[in-house]
Every structure is written in structure tokens, then in C-alpha cells.
Amino acid sequence: MKKIEFNNIAPAFYSVLSIVFALITGAVILIFIGKNPLLYFGQLFFQGMFSSLGLVESIIKMAPLLIISAGLLACFSAGLWNIGVEGQFLIGAVLAGWSAPTLASLLPYPIYLLSVAALGAMGGMFWILLPAVLKARYDMNEIITTMMMNWVAINLVTWLVKGPINDPTTVPAQTALIPMEHRLSMIPFTSIHIGLIVGIICLFIMHYVIRRTTLGYEFRVLLSNKCAAFHSGMNVARITIWGLLISGGFAGLAGVSDVLAIKGLFQGDWNPAYGMTAIPLVFLARFNAWAVVPLAFFFSFLSVGGEFVARDQGVPIFFVHILEGLTLLFFAASEYIEKRRAF
Amino acid sequence: MLLLIVRLTDMNVPPLIKTTGITKSFPGVLANDHIDFDLFPGEVHTLLGENGAGKTTLMNILYGLYQPDEGHIEVCGHETRIRSPYDSLKLGIGMVHQHFALIPNLSVLENLVLGFEGGFILNMKDAEKKLKRISEEYGQAIDPHELIQNLSVGERQRTEIIKTLFRGSEALILDEPTSVLTPIEAEELFQTIATLKNAGKGVVLITHKLNEALAISDRISILSLGQKIAELDGDELRSMGEKEATEKILHIMFGGKPIPECSLVEKTISDEVILQLEDVEVMNSREVVGLNKVSFEILGGEIFGIAGVDGNGQKSLCEAIGGQRELVSGRIRFRGEDISQKSVSYRHEKGISYITDDRMNEGCVLDLSLSENAILRGYRQQPYSQFKIINNSIVDGYAKRLIHDFDVKATGPDVRAGTLSGGNIQKFILARGLSTEPGLIVCSKPTYGLDARTVSYIQELLLEESKQGKSVLLITSDMDELINCSDRIGVLFNGKIMAILDKCDATPERIGKLMLGIEE
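As given, the protein sequences belong to chains C and V, one line each in that order.
Going by this note's numbering, the residue at position 304 of the first sequence is 297; the numbering climbs one at a time, nothing skipped.
Converting from the second sequence to this note's numbering requires adding 198 to each position, the first position being numbered 1.
For the record, the hints were derived by calculation from the structure and aren't laboratory data.
It should be emphasised that the depicted structure is a prediction, and the values quoted were computed from it without experimental measurement.
For glycine and all other residues, C-beta sits at the position ideal for the given N, C-alpha and C.
Keep in mind that the hints are not guaranteed to be accurate.
Stated by the list, open to error - Computed footprint of chain C on chain V; a stretch qualifies when at least three of its residues, placed anywhere within it, have a C-beta under 8 Å from a C-beta of chain C:
#1 557 to 563
#2 566 to 578
#3 581 to 588
To be verified - Distance ranges between label pairs, derived from CB positions:
#4 C:Met133 with V:Asn559: 21 to 31 Å
#5 C:Leu321 with V:Gly366: 43 to 53 Å
#6 V:Thr609 with C:Ala20: 42 to 52 Å
#7 V:Val526 with C:Met133: 17 to 27 Å
Could you put together the complete structure from these sequences and hints?
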């Protein structure tokens, strides 16, 4: 009986274990560079989790991670590896930054929000359309094509805000500022914008779609056995395109949420690179929406706390990226151990 | 020729392999339950048993793929642990799987040295000398420089056997070796086994064909539900006469449970043409002509058998009808409707059920549960899904019914398909294919690798379906099944139908010749 119980919690156990090992290794590294790990982690946890400012900041930062993860759940569970989340995010964000000031003055608030969101999501979908078609039609490796599209997106948005959609009234390369009353509203009684709720809803809708609908079923069959999918008459090309478009769409939506809620405009070379956090996160969560939420909090707490600590203790902010990387490394190792245990 | 048969078993030599109390369990199944098994030099020890009896598990333990939970393995008198196939090879155990592990675009010689190159620089000269010596010693002629892809199935199997000898194996495990062979090739294989035996090698033969087991075994062990329930002496059985010996074995294997006889009840074949192929041409997966202007018709209630050596266009034919393969030219009509350009799912909905022989890759998704596998084709249809939402409780019920009706050995609908034995997966896939009330059943090797009871159950079932007016296209490499079940038989050779024979004209000899492309 005990054995079965362990098998049920094993995935969570291994994920937590890899986080713990990453923190321990991080501590060793800190000792090597002459910092006190107790002081560093103490402050990291205190600032990121237990101060009200840190906590709110960490929660706010979860929103884009949750929305992106919702999309990644779809494509990863179909065995499609969209590595170009960043690019799709930027396209969604720049479309929001460009359209919001105009649309805000033309449309009533809810319709304006919905149309900017739809535009951003379609932008993200459009950005992954080419890799999706190439994958579906010629089986071209989507890992490479989506990653390449990242660079195109990064340079394209920089050019756009410098030229065609620049706000000429300001000096820096950016779009026109969205007035406060047209920003995303807050969750009542908090200073957390509703992007968080959108993220959680998106996440659980995708969780349901993958487990209960025919499309999700097609995704799961495609992941495990493409040959059987084709043989049983599934339209593999159509499923491939849908899987990738959904992930691109959510990435675009995350861009909209950040621009409308936090930035208020799209700025020159702004690139928060959420993709590099969301992709490992979804893996750590083993494609399970329930696990995505706490892990998203952990990762955003790391980056928020890391920022605070960097100022005080002179440990570069990039150190939290090292922690993230180590977590993944240990996660890969734990998967290996788990596979060995299965035999 | 003087054949000196020495029964080394009677002498005082240690067994090549000896297992005591081997136990192995998988989630929900006890695959091996304290099995004692041994193999002496110079003997053929056959393993018989129902599907899921534990034969493959036991052999995989000897081959180092699984570790036993309990029990000991002795090789040549020394207790040992076999941690990997590499260990097993080093200990002198060679295995020839049902699916050959050869690389098609390398030569015979290159395949032999693969994995045992012995250093950075390949010494092909020495390898060739060694191969020549082995060929002469065991009478196994083969061209060392021929590419595997140009060899027939029988020659490929011979290459596999030579490969194990090349690596110095003393004990050979052959897993259902005749299932892929023509009758003539099977005869050659038996001669090879006799030669190996005389040379002092030990051979473990896994088979479902009782007549083969009776013909060449020194000992026969019977497994059931993971336990060894009997060990019989080959000579003793042969002295009983074939019929009595067969009955004895079946009695041990299945207890008192009767085996349904393949009955020959009169049935009526209607005049309605269910399936019609007109000059159908397709390319196979290597972009070579797979079917060459194939035309035939199947009537309502008819079982149309297809004979042929594997790889002569059977797959192309199935997939052309199932819709997985595009036609280059020609036309396929189902109940008069031209379906040449229709999709797989359209054809499935119209009532064509194609049951593939590639169970593990095409037939099911090993990582998903049986419930999820049950709706692999029907997931878009009611009642399994409505408004694109899958109804889990109906699907579970459906899977449970399939498991129950076909006596699939599985603990429930939520177990992963991959945990089932090969035979049980096949039963499940058949259950699924027949449950949709199809008008045409296309089944490729439906009984391949199944035990005697399941084989006759399935054959009976196909006959039953045809009596109810359904048509069957039966592709099989089992000559008995072909002749017993089919109303008419088409023989495929090189993508062409050589001849279509009526049941009464079909003899194994005639079919065998046509299978090898010998025109009448």
C-alpha cells in the first residue's frame, strides 16, 4: 500500500527534490564566490515571499507565466516543442502597445479590452504560423524554426517602435502611453491586475481541453505515437497546426496582459524573456496545470527576490537564472532516476 | 548421410542455462512465478503456453532485458547475473527475435560485426574468414557482401542465427521463428536447428505451433499464468502418435476447456459486390511499386484470403483499402461508392475496419490506457464524444466490454496498453476492430503470435462475422488458417496477384509455388 502511495506523489516529490538540490548547489556556489549563502537565501525568501511588496510583485509576475504555460501545455502535450514563446510574446505585446491607445478612445472599455486581447493573440498565432505550416507539411523541426522566429521578432519590434509605430511626441523609441484609466483593472482590494485570474482560467481551460476533449485526445495520441495517429485516420497536419497556434496565441495574449497592465506602452528593446522561464516550468510541472501554479509562483518569486537581493548583497541578478538552470539540471537527473526505478 | 544423434542430456555435463525459482512481477501481473528451466547442450527445449503465460518474460530475463525479482540463473554451472543483453551475449546466449534486429542498408558482414568491432579499426578480413568458417561448419550458405535489404525473410533469419554463432553463442533462443517463413523456408530452418543441435548447441524454441514443437523438440515445457505446469519428453510424445500427443498437450495447456473446432457450416455468399479494386497501383514506403495493377472483388459474406511471402505488397494492399496510402492509379469501390480519394476516417465511418498487423506501432498507443486506446478510431463519433467532449464513463464502459468479451488479460480499462502482453494487445485490437459492426474487415495476420485457443476463437469469430453477411479480407502467413477460413484465395507476389484460387482448388503446394512467383 505504501509503495502505491509513493508512486502517486512521486512526480511532485522529484520536482521538489530537484528544487532543493538546486538551492543547495547554489549555496555551494555562493560560498565559492565568497558570499554567505544563509544571508543570501534568508533575504531572498524574506523579501520575495514574506514582505508584502515582494509577495505582491511575485504574484503579479505570475500572470504572464501562467498564460504562456497554458499554451505550452497544449503544444507540449502533443509533442510539439515551441521554443519561440518570446517572439510570439513580443508580437502580441507590440500589437497591444500600438493598438491600445487608438482603440481605447474608440470603443467602450470591455470591448476595447477584448479586441486588444484578440489582436495580440492573433499576432502570436500569426508569428508561429510559418513554423507550424513547415512542421505540418514538411516535418521541418519546429524547435529550430520557432527559435529563429524569435530573432526576427526581437529585431522587428525594435524597428517598429523606432519607426512606423513610434510615438513622435516622446524622445525614447516607444509607443504612445496608454492612459491609466485604460489599463487592465485590478482584482478588487489588491494591487494585482486581473491578468492573474485570466492566467489561472486559461490554464485550467487548457488542462480540461487536453484531458477531456477530442482535440486534447488527438494531442496525447500524437505525443505518444504519431504512427498510430496517422494510421487511425487522424489529420496529423491539422492537429500539429492547432497545437502550435494555440501556444502562439497564448504567448501573444501574455504580451497583451503585460503591456496593458504593467508597462502601459511598448518600449524599444524591452524583452522580459518569459519563455526561458515558462518552458522549464511546464516541464517541471509535468504538463499538469495544478503543478504549474505553485511552480510559477516559485519562479517569479526567485526573480523578484533575486532583484531585491542583488542590490543589497552584490550578487548579480543573473544568479537566479543559475538557480533556475540548476533546477532543470537536477530535474533531468531525477527523470533518469525515476526511469531506472520503473524497471 | 550418417546422423549420429547424441543425447547429451543423459550425460553428466552441466546445463548451458539453468534457472531456479525465477519470479518476475509487473504492476498487476505475476508474469513468472518460480520457474525452473534448464537447457543442455545438444538439445531443443521448446516453450509452449497461452498468450501472457510468461514465455517472453522468461526469455527476456535470460537475455538481460529484465531483472528477476527472485530466483537464480546459472550459466554453464556458474551462478551469474545477466544485467544487459551485452552480458547475455558474453555468456554465450544469443536471441533471435520475431522482429529482426538487422540494419537493412548494411551488408551481412557489417551487420555481424556491429557492436563487436573490437577496436577502432575494423578488421573485415578476419571477420570474413570467421564467417566463412561458421558457414561451412553449420552449412549456412550466405553471401557476406549482400545487403540485408536484398535478402528474403528466410535469409535474414539465417543471418540472425549466424550472428549469434558469430558471437560465440552456445545457447540460442528462437522466438516464434517460423511465423514469418514460407513452408519451404520453415523446412530449411528445421534442418538448421538439427545441425546446431548436433554441433552441441542448445536451442530454446518458442512457438505456438504444436506440430513444429512435436517434430523437433527433445523436451517441451508448458507455461501457464506464469507457472511451469509440465515438462514433457519429446521422444515419448512422438511415440504416442501426432493426434494423441497434440491432445495431451492441449489438455495440459487448457485443462478441460474445449477448443472450438473450425466448423464448416454452410453459409451464403451474396451477389452484392462489397469491395471492388480496379487496376490499383500504389507505391510502398520505399517509393517502389507496392501494388501493380491489382484487381479483385469481394462479395458480401465472403472471406477473401491473401497469401504471399511477407513484403510482397500485403501492407500496400491493406493501406490502399484502409486509406492510409494514396493510389497512383486505379479505383477502389466500397458498396459501389468510389472511395479512392476518401480519408481514413471517412472509410472507417462507412464501415471498413482495418486491423493492422503492426500492433505496437500502428494499432495502439502503448503509453495510453486501454480506454483511450479503445476510441482510437471512434473518438469523434457518438456516444464516445459529443460536442468534441469525450464522455469518459461511456468510453470506460466500452473498454470494459471489449476486455470482457475477448477475455483480454488486463486488470481494468485504466491500465496502460504497454503493460499487456503482445497477444493480449492483439486481442484488444481485434475486439475494437470488430465491435464497430463493420461491413468489411481487413485483417492482417490476425492470429499471429496467439495461442491455439485464441487462434481458433478468432478464426471462428471471422467465420461468424462472414455468416452474418460481412466481408473479410484476410491476409495471413499461416497456410492452415488461409485454407481453412477463406472462400477464395489470391496469391500476391511482387505486388501482383498471381492467381485467384477457389477454396476447393487451393492446396498448400499450389499456393506455395505461386507465393514464390512460379507461374502455373
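Hint check results:
1. Counting residues of the stretch 557 to 563 of chain V whose beta carbon lies closer than 8 Å to any beta carbon of chain C gives 5, which meets the minimum of three for the stated coverage.
2. Given as covered by chain C, the stretch 566 to 578 of chain V passes the check, having 7 residues with a CB less than 8 Å from a CB of that chain where 3 are the minimum.
3. Counting residues of the stretch 581 to 588 of chain V whose beta-carbon sits less than 8 Å from any beta-carbon of chain C gives 4, enough to reach three: the coverage restraint holds.
4. For C:Met133 and V:Asn559, the Cβ-Cβ distance of about 23 Å falls inside the hinted range of 21 to 31 Å, so the restraint holds.
5. Distance hint check for C:Leu321 and V:Gly366: the Cβ-Cβ separation is about 44 Å, which falls inside the suggested range of 43 to 53 Å.
6. The given range of 42 to 52 Å is respected by V:Thr609 and C:Ala20, whose C-beta atoms sit roughly 46 Å from each other.
7. Between V:Val526 and C:Met133 the Cβ separation comes to about 26 Å, which falls inside the hinted range of 17 to 27 Å.
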